[in-house]
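Protein chains: 2
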Amino acid sequence: MSEPAVLRALLDALPAGSVLSDPDQMEGYRYDRAMTVRPGMPVAVVRAASTAEVQATLRIASRFSTPVVPRGAGTGLSGGSSAVDGCITLSTERMRAVSVDAPAMVATVQPGALNAEVKAEARRFGLWYPPDPSSFEICSIGGNLATNAGGLCCVRYGVTTDYVLGLEVVLADGRALRLGGATIKDVAGYDLKRLFVGSEGTLGVITEATLRLRPLGPLPSTIAATFADVVDCGRAVARIMATSRPAALELMDAAAIAAVERVRPMGFEAGVGSLLIGQCPVDTTEGARLAAACEECDATYVALTDDPAEGELLMGARRMAIPCVERLGTVLIEDIGVPIPRIPALVGAVAEVAERTDTMIPVIGHAGDGNFHPLVTFDPHDTSARARAEVAFDRIIEVALEMGGTITGEHGVGSLKARHLPGQLGADVLELTGTIKRALDPGGILNPGKWV
Amino acid sequence: MSEPAVLRALLDALPAGSVLSDPDQMEGYRYDRAMTVRPGMPVAVVRAASTAEVQATLRIASRFSTPVVPRGAGTGLSGGSSAVDGCITLSTERMRAVSVDAPAMVATVQPGALNAEVKAEARRFGLWYPPDPSSFEICSIGGNLATNAGGLCCVRYGVTTDYVLGLEVVLADGRALRLGGATIKDVAGYDLKRLFVGSEGTLGVITEATLRLRPLGPLPSTIAATFADVVDCGRAVARIMATSRPAALELMDAAAIAAVERVRPMGFEAGVGSLLIGQCPVDTTEGARLAAACEECDATYVALTDDPAEGELLMGARRMAIPCVERLGTVLIEDIGVPIPRIPALVGAVAEVAERTDTMIPVIGHAGDGNFHPLVTFDPHDTSARARAEVAFDRIIEVALEMGGTITGEHGVGSLKARHLPGQLGADVLELTGTIKRALDPGGILNPGKWV
Numbered sequence: 164m165s166e167p168a169v170l171r172a173l174l175d176a177l178p179a180g181s182v183l184s185d186p187d188q189m190e191g192y193r194y195d196r197a198m199t200v201r202p203g204m205p206v207a208v209v210r211a212a213s214t215a216e217v218q219a220t221l222r223i224a225s226r227f228s229t230p231v232v233p234r235g236a237g238t239g240l241s242g243g244s245s246a247v248d249g250c251i252t253l254s255t256e257r258m259r260a261v262s263v264d265a266p267a268m269v270a271t272v273q274p275g276a277l278n279a280e281v282k283a284e285a286r287r288f289g290l291w292y293p294p295d296p297s298s299f300e301i302c303s304i305g306g307n308l309a310t311n312a313g314g315l316c317c318v319r320y321g322v323t324t325d326y327v328l329g330l331e332v333v334l335a336d337g338r339a340l341r342l343g344g345a346t347i348k349d350v351a352g353y354d355l356k357r358l359f360v361g362s363e364g365t366l367g368v369i370t371e372a373t374l375r376l377r378p379l380g381p382l383p384s385t386i387a388a389t390f391a392d393v394v395d396c397g398r399a400v401a402r403i404m405a406t407s408r409p410a411a412l413e414l415m416d417a418a419a420i421a422a423v424e425r426v427r428p429m430g431f432e433a434g435v436g437s438l439l440i441g442q443c444p445v446d447t448t449e450g451a452r453l454a455a456a457c458e459e460c461d462a463t464y465v466a467l468t469d470d471p472a473e474g475e476l477l478m479g480a481r482r483m484a485i486p487c488v489e490r491l492g493t494v495l496i497e498d499i500g501v502p503i504p505r506i507p508a509l510v511g512a513v514a515e516v517a518e519r520t521d522t523m524i525p526v527i528g529h530a531g532d533g534n535f536h537p538l539v540t541f542d543p544h545d546t547s548a549r550a551r552a553e554v555a556f557d558r559i560i561e562v563a564l565e566m567g568g569t570i571t572g573e574h575g576v577g578s579l580k581a582r583h584l585p586g587q588l589g590a591d592v593l594e595l596t597g598t599i600k601r602a603l604d605p606g607g608i609l610n611p612g613k614w615v
Numbered sequence: 164m165s166e167p168a169v170l171r172a173l174l175d176a177l178p179a180g181s182v183l184s185d186p187d188q189m190e191g192y193r194y195d196r197a198m199t200v201r202p203g204m205p206v207a208v209v210r211a212a213s214t215a216e217v218q219a220t221l222r223i224a225s226r227f228s229t230p231v232v233p234r235g236a237g238t239g240l241s242g243g244s245s246a247v248d249g250c251i252t253l254s255t256e257r258m259r260a261v262s263v264d265a266p267a268m269v270a271t272v273q274p275g276a277l278n279a280e281v282k283a284e285a286r287r288f289g290l291w292y293p294p295d296p297s298s299f300e301i302c303s304i305g306g307n308l309a310t311n312a313g314g315l316c317c318v319r320y321g322v323t324t325d326y327v328l329g330l331e332v333v334l335a336d337g338r339a340l341r342l343g344g345a346t347i348k349d350v351a352g353y354d355l356k357r358l359f360v361g362s363e364g365t366l367g368v369i370t371e372a373t374l375r376l377r378p379l380g381p382l383p384s385t386i387a388a389t390f391a392d393v394v395d396c397g398r399a400v401a402r403i404m405a406t407s408r409p410a411a412l413e414l415m416d417a418a419a420i421a422a423v424e425r426v427r428p429m430g431f432e433a434g435v436g437s438l439l440i441g442q443c444p445v446d447t448t449e450g451a452r453l454a455a456a457c458e459e460c461d462a463t464y465v466a467l468t469d470d471p472a473e474g475e476l477l478m479g480a481r482r483m484a485i486p487c488v489e490r491l492g493t494v495l496i497e498d499i500g501v502p503i504p505r506i507p508a509l510v511g512a513v514a515e516v517a518e519r520t521d522t523m524i525p526v527i528g529h530a531g532d533g534n535f536h537p538l539v540t541f542d543p544h545d546t547s548a549r550a551r552a553e554v555a556f557d558r559i560i561e562v563a564l565e566m567g568g569t570i571t572g573e574h575g576v577g578s579l580k581a582r583h584l585p586g587q588l589g590a591d592v593l594e595l596t597g598t599i600k601r602a603l604d605p606g607g608i609l610n611p612g613k614w615v
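Line by line, the protein sequences are chains A and B. Under the working numbering, the first residue of the first sequence is numbered 164, with each subsequent residue one higher. Under the working numbering, the first residue of the second sequence is numbered 164, with each subsequent residue one higher.
Because the hints were derived from the structure by calculation, they are not lab data. Since this is a predicted model, take the numbers as computed values, not measurements. In this text, a Cβ means the ideal position worked out from N, Cα and C, and glycines have one as well.
Below 25 Å or equal to it, Euclidean Cα-Cα: the simulated SDA-like pairs (lysine to any residue) are:
hint : chain 1 : residue 1 : chain 2 : residue 2
1    : B       : Lys348    : A       : Ala279
2    : B       : Lys348    : A       : Pro585
3    : A       : Lys348    : B       : Lys282
4    : A       : Lys282    : A       : Ala212
5    : A       : Lys348    : B       : Leu379
Label-pair ranges, simulated between beta-carbon atoms:
hint : chain 1 : residue 1 : chain 2 : residue 2 : range
6    : B       : Gly567    : A       : Arg226    : 30 to 38 Å
7    : B       : Arg601    : A       : Gly380    : 37 to 45 Å
8    : A       : Leu379    : B       : Glu553    : 43 to 51 Å
9    : B       : Gly567    : A       : Pro178    : 25 to 33 Å
10   : A       : Gly289    : B       : Ala590    : 33 to 41 Å
11   : B       : Met483    : A       : Glu561    : 49 to 57 Å
12   : B       : Thr598    : A       : Ser213    : 19 to 27 Å
13   : B       : Asp469    : A       : Arg425    : 48 to 56 Å
14   : A       : Ala283    : B       : Arg286    : 37 to 45 Å
15   : A       : Asp446    : B       : Thr598    : 46 to 54 Å
16   : B       : Asp469    : A       : Ala279    : 34 to 42 Å
Pulled a few chain B residues facing chain A out of the computed Cβ check, cut under 10 Å:
hint : residue
17   : Gly289
18   : Cys317
19   : Lys348
20   : Gly352
21   : Glu363
22   : Pro381
23   : Ile599
Go ahead and model the full structure; you've got the sequences and the hints to work with.
Structure representation (structure tokens):
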């Protein structure tokens, strides 16, 4: 079998070991964690070790008009890095350097570094990189940047884009650009770095980021409050957000609590309608204010602890929710967002959809941001259940849009939600999106066939 | 004298009173507050009352290839809204509606509303719009959005772009688009709204913004600390930022203190080398930590007060600095930024430039963000002094760039710093800037002849 010309060009241009083309070796690079997305087969996987290797890859891809799918750690939940047929999958997993400039309070990071590695290196200097997707121990900064990842603490501390001072990006034609720098406030020219953040590899490949760090946060107080129903819980969320800035405010509904209890018991009684877990800096009066707000909204149980270990136990259980639910079936993970006053209506509507489609849909969410992950769960061996789950998935997205919300708050559009994007953006914004895309990637080689 | 065709088209399309063409009436719309920028003469000033009138204006401008200079309250410091010859100056001063959705914690705001009006309306609901340029009582939200304005409290609370959830923008061809919405976290598609924020009217005209609000902040503790020299002061800034998140951290050098003392005495002794004014939420221990950091860095005097009135007196004096210096001559206002560790070197270099060019250059700055306003001051009747001031202005910008900094932290590029932008961005980023500009405004009618 003859080698495709593009593969030969990659093998000629890049060091041995940087290019994989054996299907067995490539298999693990085809998928991310969007379990229902069917990936294509790459012509090659490039494991770039440097910006220069990324540039060489993109120059070759441009020359051969070969699609390029950039890839971080492959933990994405929307199929943003799933392969398309005949593509070059461009993995940044070997570009892993992290260097902290403590006096300037910035970290210079290559895209393959894990979020947890950046946190750990910052902590050595008494500093902190806040964005904390639940997958922070296994997800890469490159993926975080590509999706503008959020997490639990962003309700107080902001999302990925809020920490990006500078980027190095490689454009489709192989040119490397530096956008921004290490200065905190900088309004010279367009905010181009934020155009690349969240663009899911469709405008360029991020090869380095200068990330702002903060002083290490204070230890948290943690509250747990249960409610008989989600209406009371939603009222509590609105009241808390109108008066406080919690460092986390997570909601779990009864089905999500039950799924976690089965694996890692938190000790809640059966019949709890919904659970709110909140955190606040321990050196303020906010914890007590959160607890009071929950009591005023008819919480059935409220506990407040200043013990960080107890708090971490609760937050750890919350972070376990998706893996726990995945033990019960294949999961289509929603990532919708709505304005805060719509939370009770949203959770109620999800319950209705679950009933109408006879599908289990536990709900977890970053309630303080109005960002929810209904977990549409089905038996993968039951084709009727899968069909019903797909109906439920689509209907929940429609509900979010009807409420003035979004199809994705932090996971990205990827393949999974691509067909819903026009419904959110509308024709004119979609056209502007295409205009920007064509201006930066005229050959259309960067992560094609997904949402743009 | 015959009426230009574009003026006749505007008069035909827009209600009586929306179009000014009398040179006397237009005079006040030619300038902003960049005192040394020489503005051109518009063919018309359109005082749009609605999005539809903005659209009509841009359609006509496109048809006649007439430049359009969007304008808020005209308080800009960089000449971003100064007229160019033959342009339509498009003022949004009559689009002034502010409406707060308290449960959703957002304000929907037209661009002509003043920053202070948004703050006041939010406060009626116990809510807060933080961005606070020193001119907040007289500057418009439209101008704040166009420049991505900062201010004093952004060191803790962020700049304008951090509060923008949604925008309505009118493109050069007259189409109106809605970007984003009222949802806090939303990663669906490119972050187009943040491309328009800070674009200084070169990509479109913002006709409405959905701004995120916060709970009213706690009252502040205020510290004032003086230092014998700026090296000690710079060390204190770095130490504070490594351990705290002050709600303001302002620096004034000896010349700035003297200029304010002359108008509004703060009671500092002559010979003070530099002054740091900091604020922190009163309900935390941060104020005491700030004071301790100043003492550890050899402050000559440290005072901490929990009295908000006393604190406001100090911050008010700081906000008076530019007007006080303007009594001493014409001022070229710098807006440079550097990484925090470079602060002592920067302030030292400014003093050197002042001496070498025999020019008075008081320095004030948002020290916690590394954003400084050296105030290059000269006698407008002395042509030699003006020439020396211009040399000083340019040299200070070069110094900031040599330190890895920016030519503008919050005021925008405008006309004043346009010729310095290539030095910061470099050829490739400038080319990408042009690519984006041409994609959105192919006729090049939006705020032309400034920096893009």
